[in-house]
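Using the sequences and the hints given, assemble the complete structure.
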Amino acid sequence: MKSKLGNHVIAGEGRPPWYRSDGQNCDCYIVGIAGGSASGKTSVAQRIIKNLNVPWVVLLSMDSFYKDLTPEEVEIAHRNDWDFDSPNSYDYDLLLETVTKLKEGKQVDVPIYDFETHKRVPNKVNTVYGANVIIFEGIFGLYDKKVLEMMDLKVFVDTDVDICLARRIKRDVAERGFDVSGVLKLYQRFVKPSYDTYVYPTKKSADVVIPRGLENLVAIDLLTKHIQRQLQERKMQSRWDMARICPPEELPSNVLVLEETKQIKGLHTIIRDIETSRHDFIFYADRLATLVIERALNELPYEPKDVETPTKKTVHGLGLKAHIAGVSILRAGGTMENGLRRVIRDAVIGKILIQTDPYNGEPQLHYCKLPPTIREANTFIFLMDAVVGTGAAGLMAIRVLLDHDVPEDRIVFLSFLAAPQGLHTISRAFPRVKIVTSYVDPILNPDTLYLEPGLGNFGDRYFGTEHD
Amino acid sequence: MAFQPPKQVIVLPQTQQLKACTTIIRDKNTQRADFIFYSDRIIRILVEEGLNHLPVVEKTVVTPTGKEFHGIDFQGRICGVSIMRAGESMEQGLRDVCRSVRIGKILIQRDEETALPKLYYAKFPPDIASRFCLLLDPMLATGGSAIKAIETLIDYGVAEERILFLNLISCPEGIAAVVAKFPAMKIVTAEIDAGLDEKLYINPGLGDFGCRYFGTDK
Chain A
12 MKSKLGNHVI
22 AGEGRPPWYR
32 SDGQNCDCYI
42 VGIAGGSASG
52 KTSVAQRIIK
62 NLNVPWVVLL
72 SMDSFYKDLT
82 PEEVEIAHRN
92 DWDFDSPNSY
102 DYDLLLETVT
112 KLKEGKQVDV
122 PIYDFETHKR
132 VPNKVNTVYG
142 ANVIIFEGIF
152 GLYDKKVLEM
162 MDLKVFVDTD
172 VDICLARRIK
182 RDVAERGFDV
192 SGVLKLYQRF
202 VKPSYDTYVY
212 PTKKSADVVI
222 PRGLENLVAI
232 DLLTKHIQRQ
242 LQERKMQSRW
252 DMARICPPEE
262 LPSNVLVLEE
272 TKQIKGLHTI
282 IRDIETSRHD
292 FIFYADRLAT
302 LVIERALNEL
312 PYEPKDVETP
322 TKKTVHGLGL
332 KAHIAGVSIL
342 RAGGTMENGL
352 RRVIRDAVIG
362 KILIQTDPYN
372 GEPQLHYCKL
382 PPTIREANTF
392 IFLMDAVVGT
402 GAAGLMAIRV
412 LLDHDVPEDR
422 IVFLSFLAAP
432 QGLHTISRAF
442 PRVKIVTSYV
452 DPILNPDTLY
462 LEPGLGNFGD
472 RYFGTEHD
Chain B
25 MAFQPPKQVI
35 VLPQTQQLKA
45 CTTIIRDKNT
55 QRADFIFYSD
65 RIIRILVEEG
75 LNHLPVVEKT
85 VVTPTGKEFH
95 GIDFQGRICG
105 VSIMRAGESM
115 EQGLRDVCRS
125 VRIGKILIQR
135 DEETALPKLY
145 YAKFPPDIAS
155 RFCLLLDPML
165 ATGGSAIKAI
175 ETLIDYGVAE
185 ERILFLNLIS
195 CPEGIAAVVA
205 KFPAMKIVTA
215 EIDAGLDEKL
225 YINPGLGDFG
235 CRYFGTDK
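Residue numbers (our numbering), protein chains in the order written: chain A, 12 to 479; chain B, 25 to 242.
Think of the hints as simulated: they come from the structure by calculation, not from any bench.
Note that beta-carbon positions come from the ideal geometry of N, C-alpha and C, so glycine has one too.
Mixed in with the good hints, there may be bad ones.
[To be verified] No more than 25 Å apart at the CA atoms, straight line, and that leaves these computed lysine-lysine pairs for PhoX-like:
| # | chain 1 | residue 1 | chain 2 | residue 2 |
| --- | --- | --- | --- | --- |
| 1 | A | K276 | B | K172 |
| 2 | B | K83 | A | K276 |
| 3 | A | K273 | B | K223 |
| 4 | A | K323 | B | K223 |
| 5 | A | K445 | A | K380 |
| 6 | A | K324 | B | K31 |
| 7 | A | K130 | A | K61 |
| 8 | B | K91 | A | K323 |
| 9 | A | K276 | B | K223 |
| 10 | B | K52 | A | K316 |
| 11 | A | K332 | B | K52 |
[To be verified] With the Cβ distance kept under 10 Å, some of the chain A side facing chain B (calculated, not the full set):
| # | residue |
| --- | --- |
| 12 | L80 |
| 13 | E83 |
| 14 | I87 |
| 15 | P122 |
| 16 | K276 |
| 17 | Y313 |
| 18 | K316 |
| 19 | D317 |
| 20 | V326 |
| 21 | P464 |
Dropping the structure here:
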């Protein structure tokens, strides 16, 4: 999908909210696919993904969870005497941990298995985040009881064993450098006994059995429709409802509004004025951002620190006991980065692109690149957005950080301007996130979702993309 | 803090992050790049606070949503005046907040014969008498050169109550001397130290600010 609205292009579909309005994750939808070797599991999975045609589906292969072999075992494997078709070849603990975290919507690191060395590639993983649907496939896909319990849909691909063998011979000779007798030797020694003893019985656990594998277009089509319907039922339409919530009078206790000095009021007068030139808008926005960041810094932990001055006097001072990583919610949150760098010269900065779906007003996650230091002890995240309206984008961004194992109380959410609705929504969901803003406006227009009196579209005015 | 500053003195809110910044610039082991960076940060906060004490009028503007915002507008024009050389270190911070602000300069040195501060050079915007002056000197020790600088401004027609004296570190002796002489003027300072030592340096202070900022110390 590619939509074009004036000068605004959104290519592809972002990830719609995967959490409820209280900020808790909805479980990710997990499809398990099992079947014999060369039965067409992967092809079926790929066809389902293609039919679903949304980017937030992840294919997870059981091959990634092979155990590391010892040097002796590698020798045996290289002589083709190692039984890779045994259910004992897999690391079920790691598999269970991975699937559990994925189910909870967490970011996970999936190992990469090297079939040459028969070991996991050291220091290299596939980082998977942002899946609403996981398709998990492997010959033992339906074997482990605990993993099975987490699946929403269990599929067994039941292709005729003769066809499987024929495909396997063809594939292993063409792609894996075997000769026919080698393939048959392995088949008779390991593949067939394992299939009969362990794999085929897992068919009993399946919800759906697909005869003939990939050829069975009707079955795959039915499966796809079922998954789509399930996802539709889980879909949340929260943003517009949020705007209509009548918030309590008082702001939540985790919200800090900058003291309304003449400076703050004067700066707001300039950036709100429709007549203000972009040149001035940027200058005064940067100044305001610096003040917001300075205010937020006071919420971090400090420790006593003694230093000696050049005149050899001792000073009992303070030192910041924290590291800071900025994360801007693009596009408008990027306008606070200048202010951040004025105060924390070398702050690392992550980015999260969240855009509003033009058709239903829901936020969608399009892109996320976070610094690896975000979950280190003593690192605080300054999550930056320009204006907090319904709080929908902030909620999504905080959810992204939590999914990456950032503790809730180490997130400080910063903005220039906020509406009470958004502040309450975020505080209710994440009461331990500190929120710092320079001004609170009384009205969130439920039709335009602009704050009133507000300042219009902050990003447009800062980056100069507004219509004249 | 045992010393109760007079009402003319505005001390910045003693927040933790301000204290952490002054700790860095006081530390003799702080590298020059950090010294400059953290000094500039404090100076920006000083200037922001100083501007809070200028007169304002109400102003209503229309926002892009078509609604009115009842804000304020600053009355009167300002200019910076730095006491050379150390005061010039505060110009960057001033410009970060007040873009293209006019800046006057005053050079005051100790007279070899009388040991009193003597005016060597002054250059101001021609209309300085009609402006609010932000007088810049990072350290207020005895107050000798500050008093000389303020006298010079008054000579040029600036009203005493239109002068804001901004400094990072001050001490009771300097504050008392300046306030006694110019009770209508305001002083904005980041921290007030215990006092002066026998060499008339601020104790604990941070050494020679100008030398550390401009890199002319050994």
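Taking the hints in turn, this is what the structure says about them:
no. : hint            : verdict
1   : A/K276 - B/K172 : violated, 35 Å
2   : B/K83 - A/K276  : holds, 10 Å
3   : A/K273 - B/K223 : violated, 40 Å
4   : A/K323 - B/K223 : holds, 13 Å
5   : A/K445 - A/K380 : holds, 22 Å
6   : A/K324 - B/K31  : violated, 29 Å
7   : A/K130 - A/K61  : violated, 31 Å
8   : B/K91 - A/K323  : violated, 58 Å
9   : A/K276 - B/K223 : violated, 44 Å
10  : B/K52 - A/K316  : holds, 13 Å
11  : A/K332 - B/K52  : holds, 20 Å
12  : L80             : violated, 52 Å
13  : E83             : violated, 56 Å
14  : I87             : violated, 59 Å
15  : P122            : violated, 42 Å
16  : K276            : holds, 5 Å
17  : Y313            : holds, 4 Å
18  : K316            : holds, 6 Å
19  : D317            : holds, 9 Å
20  : V326            : holds, 5 Å
21  : P464            : holds, 4 Å
Against the hints set out earlier in the document, violations occur for numbers 1, 3, 6, 7, 8, 9, 12, 13, 14 and 15.
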